[in-house]
Every structure is written in structure tokens, then in C-alpha cells.
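Taken in order, these protein sequences are the chains called L and Y. Residues in the first sequence are numbered from 1 upward in steps of one, following this note's numbering. Residues in the second sequence are numbered from 1 upward in steps of one, following this note's numbering.
Check each hint, because a few of them may be wrong.
As the list claims (entries may be wrong) - Lysine-lysine pairs mimicking BS3-like chemistry, simulated, CA-CA at most 30 Å apart:
#, chain 1, residue 1, chain 2, residue 2
1, Y, Lys134, L, Lys18
2, L, Lys18, Y, Lys63
3, Y, Lys63, L, Lys53
4, Y, Lys117, L, Lys18
5, L, Lys53, Y, Lys134
6, L, Lys44, Y, Lys117
7, L, Lys72, Y, Lys140
8, L, Lys72, Y, Lys63
Derived by calculation from the structure, the hints in this document are not laboratory data. Please read these numbers as outputs of a predicted model, since none were measured by experiment.
One-letter residues, chain by chain:
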Amino acid sequence: MCMPRIQIPSPLRQYSGKQASVDVPGQTVGDALAGLVSQHPDLKRHLYTEDGKLRAFVNVYVNDEDMRYLQKEATTVNDGDTISIVPSIAGGCCPAIL
Amino acid sequence: MLRLSASVYLSLREHGEEIYPHECCGVLLGLFGDDGVKTVSRIARCGNTRADSPHNRYHIDPKELIRIQREGRERGEDIVGFYHSHPDHPARWSPTDLAEAHWFGCSYVITSVEKGKAVLTHSFELVGGDEPDKRFEDEKIERF
Numbered sequence: 001m002c003m004p005r006i007q008i009p010s011p012l013r014q015y016s017g018k019q020a021s022v023d024v025p026g027q028t029v030g031d032a033l034a035g036l037v038s039q040h041p042d043l044k045r046h047l048y049t050e051d052g053k054l055r056a057f058v059n060v061y062v063n064d065e066d067m068r069y070l071q072k073e074a075t076t077v078n079d080g081d082t083i084s085i086v087p088s089i090a091g092g093c094c095p096a097i098l
Numbered sequence: 001m002l003r004l005s006a007s008v009y010l011s012l013r014e015h016g017e018e019i020y021p022h023e024c025c026g027v028l029l030g031l032f033g034d035d036g037v038k039t040v041s042r043i044a045r046c047g048n049t050r051a052d053s054p055h056n057r058y059h060i061d062p063k064e065l066i067r068i069q070r071e072g073r074e075r076g077e078d079i080v081g082f083y084h085s086h087p088d089h090p091a092r093w094s095p096t097d098l099a100e101a102h103w104f105g106c107s108y109v110i111t112s113v114e115k116g117k118a119v120l121t122h123s124f125e126l127v128g129g130d131e132p133d134k135r136f137e138d139e140k141i142e143r144f
């Protein structure tokens with residue numbers, strides 16, 4: 001069974017027992033994330049919407065690749081792989097002029 | 001409170017001046033103290049992917065953030081916040097800044113850059129339990 005490492009961003013560590021990374025079993029990204037929220041149920045509402053979809057501002061990378069451009073949650077993972085959860089960072093000073 | 005050295009403070013303001021009239025952006029790296037004080041040891045400049053509207057929008061590529069985070073881990077540092085500039089606009093968070101903020105507990109530092117010169121630099125901490133109740137609170141900057 002593969003054991004990828006999931007990197008937890010600082011705003012979510014209060015829900016992962018303060019751990020900055022968690023090793024979870026899983027053959028795919030979806031399996032690994034499911035394992036993560038199984039171990040740490042409080043993370044679920046911060047990662048997923050009520051209908052079970054990953055929140056739009058939550059980016060998930062497998063090593064250096066955005067899973068959206070791979071096979072999404074069906075992306076396979078191997079031992080030694082790192083899954084990074086990265087909430088988006090954006091903003092701007094004022095409304096766009098239309 | 002956000003603690004940062006004079007050189008870090010100067011660096012993030014200079015970045016805003018260099019990128020004017022566009023918005024600059026970057027990452028604050030350092031440590032979270034047990035007392036709630038964040039101490040910044042260095043900044044990491046980032047590219048602004050909003051080439052369509054760089055004068056009033058910024059976005060950091062998550063891939064760049066992952067690299068910065070990995071390098072920070074190797075140095076024993078954490079991401080404690082982000083900074084960006086407001087060209088010819090106040091150093092206060094905007095509705096867009098709040099809508100796009102998701103790093104709870106982190107600092108969002110904003111510098112107003114007027115006619116190419118950095119004026120005010122303010123910090124705001126993103127607080128709240130979840131998206132519906134998130135808000136920015138004014139945060140004191142202590143320079144050392």
C-alpha cells in the first residue's frame with residue numbers, strides 16, 4: 001500500500017492535531033484525501049463543500065503538478081510522493097473598471 | 001502582532017515601488033509564536049499571474065508557493081503571511097482582498113504606493129472559523 005505524505009497548510013493544522021504533514025495510505029489522491037479526513041474529521045468542512053466537492057479555492061498538487069491537470073482525484077500516487085494542499089492566494093485593491 | 005526586521009520591512013515596500021503601477025505580491029516566512037506573535041525572518045517575492053489586470057489584482061501561482069514552502073521547511077520556516085501593494089490606493093484591505101483570503105491565522109500586509117513611492121504599510125490578520133464569518137483584524141507591526 002502506498003503511503004504518500006500530505007502537506008497541511010498552516011491555517012488547517014489546528015484540525016490535523018497541529019501536524020504539518022500526515023502520511024496516509026492510498027493509491028490515488030482521492031484515497032489519500034479520504035484517509036486524511038477520516039483521521040481528522042474536522043478538516044472535511046474546510047476542504048469540501050456540503051455536496052462533497054473540493055472547494056474551489058483549495059488547490060491540490062501531487063509533487064509539482066496540479067491534480068486538475070492530471071487525473072484529478074483519480075491521479076495515482078506512489079511512495080515518496082507529496083500531496084500539497086494549497087489554499088489560493090489572491091486579492092486586489094479595487095473593483096475592476098468595466 | 002507581526003514582528004519583522006527593518007530590512008524585511010524595507011524590502012517589501014521596495015518591491016511595491018519597483019512593480020508600480022502594478023500590484024506586487026509575495027510571501028512572509030518565519031515562525032508562529034506560542035503567544036500568537038508572528039515573527040518574519042524573510043520574504044519571498046512572487047510573480048503576479050494576473051497579467052490581465054495587474055494594476056488592481058494579484059494572484060500567486062500555487063506551484064510557486066509550494067516551492068517557497070518547501071524551501072522554508074528546509075530552513076525551519078513556515079508561511080506566516082503574504083504581502084502585496086495597492087498602487088495609488090489606500091493600505092487597507094478591499095472586499096476583493098477579503099473574498100480571496102483563505103489563510104486563517106496568517107498576516108496580510110498591504111503597502112500603499114503613491115506615484116511610485118511606498119507610503120503606508122499595514123497588516124491585517126485573517127480571523128474567523130470558516131469562510132462565512134471570516135474577517136480581517138488590524139494587526140500591529142513591530143519592527144526590530
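The hints, checked one at a time:
Taking the CA atoms of Y:Lys134 and L:Lys18, the gap is about 21 Å. The hint holds against a cut of 30 Å. The straight-line distance between the Cα atoms of L:Lys18 and Y:Lys63 is roughly 24 Å, inside the 30 Å bound, and the hint therefore holds. Taking the CA atoms of Y:Lys63 and L:Lys53, the gap is about 22 Å. The hint holds against a cut of 30 Å. As the CA atoms of Y:Lys117 and L:Lys18 are separated by approximately 41 Å, the hinted pair breaks the 30 Å bound.
This hinted pair checks out: L:Lys53 and Y:Lys134 have alpha carbons roughly 21 Å apart, not beyond 30 Å. Of the supplied pair hints, the one linking L:Lys44 and Y:Lys117 is violated, its CA atoms being roughly 44 Å apart against a limit of 30 Å. Straight-line distance between C-alpha atoms of L:Lys72 and Y:Lys140 comes to about 41 Å, which puts the hinted pair past the 30 Å bound. With a CA separation close to 16 Å, the supplied pair L:Lys72 and Y:Lys63 stays within the 30 Å bound.
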